[in-house]
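**Student:** Here's the letter readout for the chains.
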Amino acid sequence: MGMTMTQKILAAHAGLDEVKAGQLIEAELDMVMGNDVTTPPAIDVFRKSGRDKVYDRKKVALVPSHFTPNKDIKSAEQALRLRAFAEEQDLFYRFEQGKETMGIEHVVLPENGMIMPGDTLIGADSHTCTDGALGAFSTGVGSTDLGCAMATGKAWFKVPGALKFHLTGELKDPCTGKDLILYIISKIGVDGALYRSMEYSGPGVKTLSMADRMTVCNMAIEAGGKNGIFPVDDITLEYIKRVAPERYEAGDFTIYEADEDAEYDEVYEIDLSEIPLMVAFPHLPENGRAVGTFDPIEIDQVVIGSCTNGRIDDMRLAARFLKGRKVASHVRCIIIPGSQRVWNQCLKEGLFDIFTAAEAVISAPTCGPCLGGHMGVLAAGERCVSTTNRNFVGRMGHQTAEIYLAGPPVAASSAIMGRVAGPDELPEL
Amino acid sequence: MDAKGKVFKYGENVDTDVIIPARYLNTSDPDHLAAHCMVDLDPSFVERVKPGDIIVAGRNFGCGSSREHAPVAIKAAGVSCVIAPSFARIFYRNSINMGLPILECAEAAEGIEDGDEVEVDFSSGMIHNITKDETYKAQAFPEFIQKIIASNGLIGYITK
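These protein sequence lines are chains V and D, in that order.
Each residue of the first sequence is one higher than the one before, starting from 1 at the first, in the working numbering.
Each residue of the second sequence is one higher than the one before, starting from 1 at the first, in the working numbering.
Hints listed in this document are in silico derivations from the structure and should not be mistaken for laboratory results.
Note that the coordinates shown come from a computational prediction; the quantities given were computed from them, not determined experimentally.
Hints are not guaranteed to be accurate.
[Claimed, not checked] DSBU-like cross-link-like pairs, simulated, lysine-lysine; straight-line CA separation at most 30 Å:
hint : chain 1 : residue 1 : chain 2 : residue 2
1    : V       : K158      : D       : K132
2    : D       : K132      : V       : K154
3    : D       : K50       : V       : K53
4    : V       : K154      : V       : K187
[Stated by the list, open to error] Derived DEER-like restraints, expressed as beta-carbon distance ranges:
hint : chain 1 : residue 1 : chain 2 : residue 2 : range
5    : D       : D121      : V       : E170      : 52 to 58 Å
6    : D       : Q146      : V       : G98       : 34 to 40 Å
7    : D       : S151      : V       : E26       : 49 to 55 Å
8    : D       : S124      : V       : V267      : 53 to 59 Å
9    : D       : S123      : V       : H330      : 55 to 61 Å
10   : D       : K137      : V       : V361      : 38 to 44 Å
11   : D       : G156      : V       : E26       : 42 to 48 Å
12   : V       : E359      : D       : Q146      : 56 to 62 Å
13   : D       : K4        : V       : G50       : 34 to 40 Å
14   : D       : K4        : V       : E26       : 52 to 58 Å
15   : V       : D295      : D       : E113      : 49 to 55 Å
16   : V       : D234      : D       : S151      : 38 to 44 Å
17   : D       : S151      : V       : A290      : 46 to 52 Å
Ideal Cβ positions, reconstructed from N, Cα and C, are used throughout, including at glycine.
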């Protein structure tokens, strides 16, 4: 019996010729990641492990992102613990505010060239599954697993089965990977991929940008998935050539392909040209509806950013629809580039001129409002269209607030119209 | 290592944001987390829960954020066991690592009602509903998982 792409990567990292779904294995890790919320308890675990040094100073990445720039004294103390530990361990990668390497972990790890095809990594953040876009095995864990992995460079896994999504056609402009993944989650549900891989294949893959693929893999967890993963193609190789030129030239990566006879629990055929602009209604990501199929919903706030949609491609899309227009008088439109590099690129390309002329506000890179931390927390009863990943009760603030998940074109259009809206509804310039 | 207590019953897809909202994650102190456990789903939970009580819920319990603070909050609030037809995978892993017993059992999740008195035997996986005098069978933990739970979590287990 053949193996899925995920199974092949795991087998190689466990030193095995073959693995099967359900098998328990111990795998070597190429990267271990934590953030300002999950790292402090992991440091406590690391201390108890009896080790003095992390297993590899180049393979542990601790990224302050959730409540940074620090929102209050306790958050500042958490970030300080992370920073002090990084200094003590002389960690190779640093992520302080203002540095080009900093930002939301799932934006900066790929962007800094820290993830290569065929890698295996864990992160104490559920959206670690984002890196599957590069053809790596990447999954979220908790702080205890992070602490043990910092010490040993290994983690145990139950080898996952898989769902296959066979993609054909091409997304219609301006649909993006966000519409694709919201569509998929609306079909299979928030536990539709529970414990399993979401593997993408087919001729439609080559029509998706790296940013699209990262958004799609990012939300695998919103379907309960263990990981999302794309095959490695010319688009992937172009990307790593740009972000990690030395490792690319040195051939410091491995391309794995699913076997022809790999076993999948389900195979879904998806024609990308049939995916509409999507909005996921409160309070679950599976409540996706096509734009244009519901009554007007007045809104108070729009957020464009996050590990899901905080890349330069997302900023350009937002700018395309905000350009020459103004945010509705009763709406706050908060734009949060996902990393300092994205922020700098926005500045360079003049996108900030477009955003400020539209009367949107621009934040430093942070997870911020996505998890109700800061920089845009919602009051009771407020409604927000957000390019983030979760619309759970209380996620962005008060438990009676409502979150509508969408991609940048719908978010930007909604900001202008003052209600949940698609680009078709925008007035002509 | 049996559990016995009154049941708090919740629905499907209880996510880690309602178990412990991110606004309380500026610390990882278990007592602080316990004081806000379930606040966005059941504001009176922390006032009503007693040591040993049991949470029973619908499918996909613990979905969403990987925050280990969620099982920490539930455990520190005094809950002895969580029973659901299925758990989100990161929450499942975190719970075992934290020494919070969780059992997958669809029959129990369906048969048990809010306020029922329930008893659980972890070594056999037997769940007894004292109020209704019904018994349900969950898959028992393998021995090493039982040891992790008895050691109060993974770190206690590996440093023994």
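**Student:** Hint by hint, which ones does this structure get wrong, listed from lowest number up?
**Tutor:** Per hint list: 1, 2, 3, 4, 6, 7, 8, 10, 11, 14, 15, 16 violated.
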